[in-house]
Amino acid sequence: MAVSEIEALLARIAGGERTAFRSFYALTSARLFGICLGVLGDRPRAEEALQQVYLRIWEQADRYRVTGQEPMVWLVTLARDAAIDCKRREARRPADAAPVNLDDLVPDTGPGDRTPDAGPLRQACRMVLPPDLTAMLRRAYARGESYETLARDAGVSRDTARQLMRRGLKSLRAELDR
Amino acid sequence: MSVDHSDTLPGGDSELAGEYVLGLLEGVELHAFEAQLASDPALQAEVAAWAAHLSELAADILEVAPAPAVLRRIEIAAFGAAPPSFWRQLWPYVLGAAAAAALAWVATGVGLVPMSEPVRDAAPLTARLESDSGGVSLSAAFHPATAELVAEVTGGAPPPGRILFLWAVPEGGTPRLLGQMPDSGPFRRDLPLDLASEMPGAGLAVSAEAEGTVSPAAPLGPIVARGLFTQP
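Line order of the protein sequences matches chains A and B. The first sequence lines up with residues 1 to 178 when you count with this note's numbering. The second sequence lines up with residues 1001 to 1232 when you count with this note's numbering.
Note that these hints are calculated values from the structure, not bench results. Every value quoted in this text rests on a predicted model; they were computed, and no experiment measured them. Just to be clear, a hint being listed does not mean it is correct.
Stated by the list, open to error - Label-pair ranges, simulated between beta-carbon atoms:
| no. | chain 1 | residue 1 | chain 2 | residue 2 | range |
| --- | --- | --- | --- | --- | --- |
| 1 | A | E90 | B | E1034 | 19 to 29 Å |
| 2 | A | G68 | B | T1146 | 54 to 64 Å |
| 3 | A | E59 | B | H1031 | 17 to 27 Å |
| 4 | B | S1039 | A | G155 | 34 to 44 Å |
| 5 | A | D153 | B | A1069 | 26 to 36 Å |
| 6 | A | D177 | B | L1177 | 52 to 62 Å |
Said to hold, decoys possible - If you want the footprint, here are the derived chain A segments under chain B, 3+ residues with CB under 8 Å:
| no. | stretch |
| --- | --- |
| 7 | 141–149 |
| 8 | 163–177 |
To be verified - Just a few of them, taken from the derived set where beta-carbon distance is under 8 Å, the chain A residues facing chain B:
| no. | residue |
| --- | --- |
| 9 | W58 |
| 10 | E70 |
| 11 | P120 |
Ideal placement from N, C-alpha and C gives every residue a C-beta, glycine not left out.
Work the whole structure out from these sequences, hints included.
Right, dumping it as structure tokens:
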């Protein structure tokens, strides 16, 4: 989907055009639903988060320019934030629905393994992060895992996991700035 | 910058911004970060930079189509939760009505609506519903004594394949579905007390809905006629 197409639709949505909203949904919903599902792990909650995302788009389509972000970055961020909010809010409520198999959604391969044209982040990960840490970063991003979960899965303490992550982020940032 | 974070950890605000974007900050630390973020443009830029860089990872996440019912729920919530879009359609009329109230709009609907009901003390409120584009016109009357609302199509017909639905729009309130207009003859309904008390000054609107898609939350189809109740 072209950036210009997304931007044109967002401008029409800001004008209250319902047909534009429908076209926009058709173009973007599978991508954003995949993100919500990756974080939340079951369809009912992912659908709830997706609804919040599109309500925000309908009400705030005129504001995305203020953020100065690319439209897809803005959308992906909206979807992750809504899903992570939902995950936190319902952390104590057990999920009734059958969880989807997350491994089908978020392959635990390193960045770049599936996409030949690695972007700056993948390249930076390859340059400065050990594979374990790259995997941890991807799981934090795609599944919205907490330090507790990341640490448990890695068999280290929470403090160690955090220390590793922060060192990794620092190296990444330095590499990305080069 | 002076975000308060644990001294035992290496690094500074850039790492905090990265952790924030990843959703790894929690509790007090999260709140402190957001408080600082609200007034710190450099930190906002750092968060935006991380969001852009990390969004590259979203390309790995598989696309999954949501169930078709999700869009319907979203549309009902969005279009119902956004009265401006509905009011945008009504607004020109409301303004025009105020100016025209002294002229054509006063009680001209009386007589167009069958008045078979015994009218006791209060005189009925009447409304003429018209469209800017000459679609459908109706006349309506509300009888305060009996709380009965009667409405009848006086001209025009719904667009092909569409069904007319009547909505009450209390002043400053959200539209409430009154019901489907019959194919012929008047629409009649005794309004619940809460709605009846809001009829003076309320608007009426008629939407043309595609079959099977009407939602009680808000009209989804175009508004084909609208009008305001006026006191005789």
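Tested hints:
1. A/E90 / B/E1034: 19 to 29 Å: Between A/E90 and B/E1034, where Cβ atoms are some 21 Å apart, the hint holds.
2. A/G68 / B/T1146: 54 to 64 Å: holds, 60 Å
3. A/E59 / B/H1031: 17 to 27 Å: holds, 25 Å
4. B/S1039 / A/G155: 34 to 44 Å: holds, 40 Å
5. A/D153 / B/A1069: 26 to 36 Å: holds, 35 Å
6. A/D177 / B/L1177: 52 to 62 Å: The hinted range 52 to 62 Å holds for A/D177 and B/L1177, with Cβ atoms some 57 Å apart.
7. 141–149: Coverage by chain B holds for the stretch 141–149 of chain A (5 residues, Cβ < 8 Å).
8. 163–177: As far as the stretch 163–177 of chain A goes, the hint holds, because 9 residues have Cβ atoms under 8 Å from chain B.
9. W58: holds, 4 Å
10. E70: Hint holds; A/E70 Cβ to chain B Cβ min 7 Å, cut 8 Å.
11. P120: The hint holds - A/P120 has a Cβ within 8 Å of chain B, the shortest such distance being about 7 Å.
No hint from the list above goes unmet by this structure.
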